[in-house]
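Student: Sequence:
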Amino acid sequence: MTVMDKPRLTRDHVLSLLTGMIRIRKFEDKCAELYQQEKIRGFLHLYDGEEAIAAGVIPVLGPDDKIVATYREHGQALARGVPMTEVMAEMYGKAEGSSGGRGGSMHIFDAATNFYGGNAIVGGGLPLAAGIALADRLRGDNHVTACFFGDGAAAEGEFHETMNLAALWNLPVLFVCENNGYAMGTAIERYDSDTDIHDKAKAYGIESRQVDGMDVVAVEVAARSAIRHIRESGKPVFLECKTYRFRPHSMFDAQLYRSKEEIESWRKRGPIHRFQDWLLENALLHAEDITRIEEMVDAEIALAVDFAENGTWEPVEDLAKHTMAEPRPDPLPVAPSGKTEEVTYREAVKQGIRDALKRDKRVFLMGEDVGAYGGCYAVSKGLLEEFGEDRIRDTPLSESGFTGAGIGAAANGLRPIVEVMTVNFSLLALDQILNTAATVRHMSGGQFGVPVVIRMATGAGKQLAAQHSHSLEGWFAHIPGLKVLAPATLEDARGMLWTALEDPDPVLIFENVMLYNRTGPLDVNAGPVDISKAAIRRQGNDVTLITYGGSLHKVLEAADELAADGIEAELIDLRVLRPLDDATIMASVGRTRRAVVVDEGWKSGSLSAEIAARIHEQVFWHMDAPVGRVCSAEVPIPYPSHLEQAAIPQVAQIVAAAKATLGR
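The opening position of the sequence shown corresponds to residue 1 in the UniProt record's numbering, with each subsequent residue numbered one higher.
Calculated directly from the structure, the hints in this document are not laboratory data.
Computed cross-link-like contacts, DSS-like style, restricted to lysine-lysine with a CA-CA straight-line distance of at most 27 Å:
1) 202 to 242
2) 242 to 30
3) 30 to 268
4) 358 to 339
Quick list of simulated restraints, FRET-style, between CB atoms:
5) 233 to 319: 41 to 49 Å
6) 258 to 8: 32 to 40 Å
7) 340 to 613: 35 to 43 Å
8) 321 to 43: 18 to 26 Å
9) 557 to 340: 19 to 27 Å
10) 564 to 340: 24 to 32 Å
11) 656 to 193: 56 to 64 Å
Ideal Cβ placement from N, Cα and C applies to all residues, glycine included.
Modelling step: build the complete structure from the supplied sequences, incorporating the hints.
Tutor: Structure, rendered in structure tokens:
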């Protein structure tokens, strides 16, 4: 700490610190009252007792610095300058709220103040903050991202994954652990083998400090020193603030895990009480100053309540608003050159990545072994030498951490391509994909988007056994807020990535492992392709065969066999698994009057079940037979080749299913 880190305790400055804390405390007292009146619903986590942290840290940040908070974020939002009227309206769920009423108490967002929202997932905001800081570092911006979280988050894997990334990549993050001694209702001594949380960060080589979180001046001094260190070094700093919450974990909490005596003992050294008494004793303030502050804050709260009470409810007709961005026009096709080259599917994907890196400086690729190794399936081989380590980023084996970082970088203006080595590993990142990437636009009322592209290998056929071979893309196609693609042709393998990177929403691309070695001619001038429509790969009038990804070529072979028997099948390559192109499907099935869906996922709860249900809902009266389905057997994918092949759809099964719809 240097002289410049010490605050000048002038009258104006101490008035500002005390006002900041009283403002938070009184706002939350009113929220508790409104909760009892059922004006505020759901979970309500109050900041009572922790005010010195927000009041001491946030005013030290600059306007271009960013903030990621947790579900107890009202104090941080108010300290950051989010208007109290809008915060209160958000608590009510009104359209005038800071997040348009879509986020509620746990999800206050405000793009105008670079407030990236509260996060209801314990530890979930940590990778996001790392990614936001990564974007600033790659742009050369000398900004700081402040990430607030509770002590319970230090037990989560995302905490450790993020500490490692922040130290490894020198990310300008101020990690602020608000250690209030309890993770919900469990005391830290009961859930953690090492109760000095800042030591955990120190183990990763991060500058780490502990401060009395009940002393606003001490917090401010520590924050000034930490932020100066980050700006000068570009490296992260960890600040553990020892504090205490006087109220329950949430308003549902009966607090049976701690005594009233414990709470009262902490209240006696509460941050407002402590600072206020010190100011009075040293004649820096007078009693009438405190009265004036309280009257001013009471008036502001009254206005905020009135604003919320008179706010409007968003109409039900807007229910789907902010799930995705407004539809964009189809990409302009690139004129074919007339010259083709024989390439593999793998090379087509690589060409798409290389094109994107050359075309847009915001694009970078990151994932496990994408750099020096060249990618598990050799897709990115050679790109590290061509584009350097900043843009081809090898990551630790931490799917949640680096996927979350990619999401954060996207929210802060970059265009990351995140590679998850295999679809089975994606489940380790499901929290970040489902709870952050797919929801941020909605929860923020459209203020923040997440234009990230996440690629992963999927499917069976290479004898990789049960933990590397499943087809789980149907699971992700279940999630609103995502676009899910399954390119099966060379043109789509190269061109879908182009279009996906221009999309304002998160896009998942599933590349079937059995396609990487397939070869074919590809126009050297191949460009972007549409990512909203299915494609008819073969026309016919007798039965519609519907598939995607690695099964496309099996279904084409089946169609040839059917044609030899006088059955002309129409083949739809879905290409886009979410949103499904109902129009193309129904037009075909309505004409052929029969359908078979081929899906490498398991039949129960599958994408094939969804398509069959939609067909029966929309064109049932045109059908001459029930929808047939050919799916993977309901077993983990086996290792022996003959069992693996028996477990996934094959040509003979597809032919038999198509003939069954014709009564043959």
